[in-house]
Amino acid sequence: MSEAVERFLLDAGTAGVPHSGRTLYAHLAGTERILRQWRVSETVCLAGRFHSIYGTNAFRRASIQVRDRAALQALIGAAAEDLVYLFHHGERSGCWLDALRTGGIFSRIDGQFLALDEPSVGGLIAVECANLIEQGGGTGFLSRLAWAMDEYPIELEPGFADFLASVPGFR
1 MSEAVERFLL DAGTAGVPHS GRTLYAHLAG TERILRQWRV SETVCLAGRF
51 HSIYGTNAFR RASIQVRDRA ALQALIGAAA EDLVYLFHHG ERSGCWLDAL
101 RTGGIFSRID GQFLALDEPS VGGLIAVECA NLIEQGGGTG FLSRLAWAMD
151 EYPIELEPGF ADFLASVPGF R
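Take 1 as the starting number for the sequence shown in the UniProt record's numbering and just add one per residue.
Don't take every hint at face value.
To be verified - Ranges of calculated distance between the beta carbons of each label pair, as one might list FRET restraints:
| no. | residue 1 | residue 2 | range |
| --- | --- | --- | --- |
| 1 | 70 | 112 | 14 to 22 angstroms |
| 2 | 10 | 66 | 18 to 26 angstroms |
| 3 | 17 | 73 | 17 to 25 angstroms |
| 4 | 3 | 110 | 30 to 38 angstroms |
| 5 | 3 | 61 | 20 to 28 angstroms |
| 6 | 94 | 19 | 18 to 26 angstroms |
| 7 | 152 | 67 | 32 to 40 angstroms |
Note that these hints are calculated values from the structure, not bench results. Heads up, the beta-carbon is just placed ideally off N, CA and C, and yes, glycines get one too.
Let's have the full structure, built from the sequences with the hints guiding it.
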């Protein structure tokens, strides 16, 4: 990962923030590492590296504020930052599966409906899977994902689709 990304995360204090038995910094790096193993796009990998930097419904601590989106966009690109922003707004993990059916999510912040295109839904599902697996979980989400994708199939990034195909009982 680039030195600028590392510096940004360290400056945001992630190395000193506890998260699931270690630091937020370690969790974010682990999430990105899983996504890279799945060979997903650079955009999704970077979104995974920063997925909870604004906080989430389960991890409320924001390392940077949403008002500072421009700084993160300049670092990782608008598309990756948009996924991070959406991850912050989602009532995870079920909202990504609902988005398969509805084409968007209702923001947990302000209740506004946020329309999502198919690549964004697929990217957010990949980030959610990597996030949960990195924390030692994810089986329940994977089971619900298998059912939801049977009902509302979408095209996923090839590396992530290959991972899902390797999960016993997924398809």
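Q) Looking back at the hints listed earlier, which ones does the structure fail to meet? A) none
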